[in-house]
Amino acid sequence: MRESSVRPTSRRRFNAGSAATHAALSLGALVMVFPFLWQLLTAAKSLAETAKVPPTFLPDTWNWSSFEEVFTALPFRDMLFNSVLNTVGRTVGQLVFCSLAAYAFARMQFRGRNVLFALFLSVLMVPSSLLVLPQYDIIQRLGLLNSAPALFLPGMFSAFGTFMLRQFFLTLPKELEEAARIDGASSFRIFWSIMLPLVRPALAALAVITAMWSWNDLLWPLIVNTDPQKMPISAGLTSLEGQFETNYPVMMAGSLIASLPMLVVYVFLQRHFVQSVALSGSKS
Amino acid sequence: MMSVFPSTAAAKAAGRGKRAAGAASDAPGPPKSRSQRAAYLFIAPLGIGFAAFYFWPLLQTFFYSFTEFGAFGGNTWVGTDNYVRVLKDVTVWQALGNTLIYCAIGLLALPLAIGIAALLNRRGLRGVALYRALYFIPFVTLPVAVGLVWNWLYNGDYGLINEVLEWIGADRRYWVSDPSTAVYAIGTVMVWSTTGYYLIIFMAGIKGIPQDYYEAAELDGAGPLRRFFTITLPLLSPTIFFASIICMINSLQTFDLIYIMMAEKNPAIGDTQSVVSLFYKWAFIENAQGAAAALAFLLMLIIAALTLVQFRLQKRWVHYA
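In the order they appear, the protein sequences are chains A and B. Going by this note's numbering, the first sequence opens with residue 6, and the numbers climb by one from there. Going by this note's numbering, the second sequence opens with residue 904, and the numbers climb by one from there.
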């Protein structure tokens, strides 16, 4: 508590109430993080040790072979790659399609604007499971089953993304557009080089939240890509559960590796995650 | 396929009409018709995607729900047979009951998140960003990974939860394969993994409450609990309303955790099946697409009805400042 001598107020802050708050919050945080710690500890145990009663907390001997075994038990590398394709495809698609439409809805005057916008927003209300049967049909007819586009095609179009970006475009000042228009810039040019850079924070927030949903999506990949070589990791790991029902070290190692990319993205882009969630919450 | 957009010619005519009617502003720029066309071009890519993957499928599902799929392609019209089948099927009612249980349990994430958000709102508290980050991690994590580790923690023979329970003198159980506990075991994981998400929404909501309200209340001698109930909770009610709708809609569509945590041979599977997991089973395992489509429509009606009820009830408890 060296700081308290520098800043007299902080001594007052560190009272009993604050200590109790920290105790409660830390306990909660432990509950949130413990399963991942347990995952790591289990992954490092031998198969025999995971069946011990009572369970050991720390591994008797640290054994990292499960992390290699995952790559031979499944086409794990392909699955990770498919996840990357799925995530990049959906994210880029949403950024392009949603920002274009959002800009038009926010800044352009045209006939039927409100009706179209309401129609687009209605997509938000429809449960995704209601649509997967015909969506599957379309993908099949396009001959895209078990391909990367099958994973990301429907997910490239988002009502949520359009709505969120529109809210941002609405806040921009009108003068910028008018000045550019007098200079003879085309609508697309105004959009691309003037307005789009101004909503970069919203684009970043949409990108991280879309990336997360895409990486974690399960139902759709399970339906369209049934070939293990073409599955993303979210679906691929479930087949590990079927094959290795009791091999907990390998399952935990696989889970950890598969969760890692999003955790890294989260740690580095936390601000945008928080922003995207907070945005989705405040604009009701 | 139906087109959502008026043709270009119609758009032009519309633009002209509007201009003739004197609706055009005196804003500088290209003729109205050209900027109108640009607007439609901006919307077209998303519109085509929506038409192909959302609007058209919606109509298709509606059509499917009145047909029976042939084994070798081709649907036959069966009228309302599928709806009758859905309403008569015991497993549907069971899945519906389970789904409502998930919804009820899932909503527990809200009071938890509000409580944590209120604690984090304590003035001068350190480490807020760290706590927020730690609480949010379960939400970011791959659902499969979440399901697998919780299955392992719940394991009846070697699971850590049983070990802890035994240590405090409680009975051990096969949490996920015991029909009387399985749905709660899965619901608990749901709450665990979504609390962080609502926490962020509520923290943003609390931030919007003017600090002077708290200061005034403090001067009047209101303690932390009193301030929470008379200031935070009422002023947060619009956010709570929004979050409860999102939470309800999401938990009515529970699928991932059930799919991951329940093996097909699990004795408790019927007691945990949600409407969406039953839909998946019918549509993609048992090839009963027509009935599955009817089931999906039933789910949509339930979601719409419950959302409507919430909107109706909001007048009673949501205060807009």
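Since the hints were made in silico from the structure, they are not lab data. Please read these numbers as outputs of a predicted model, since none were measured by experiment. Wrong hints could be hidden among the right ones.
Listed next, the stretches of chain B that the computed footprint assigns to chain A, with coverage defined by at least 3 CB atoms under 8 Å from CB atoms of chain A [what the hints assert, rightly or not]:
id, segment
1, 942-951
2, 993-1001
3, 1047-1053
4, 1112-1121
5, 1125-1136
6, 1168-1174
7, 1191-1199
Just so it is clear, CB atoms sit at the ideal spot from N, CA and C, and this is done for glycine as well.
Hint by hint, where does the structure go against what was stated? Just the numbers, ascending.
Checked against the structure, the hints that fail are numbers 2, 4, 5, 6, while the rest are satisfied.
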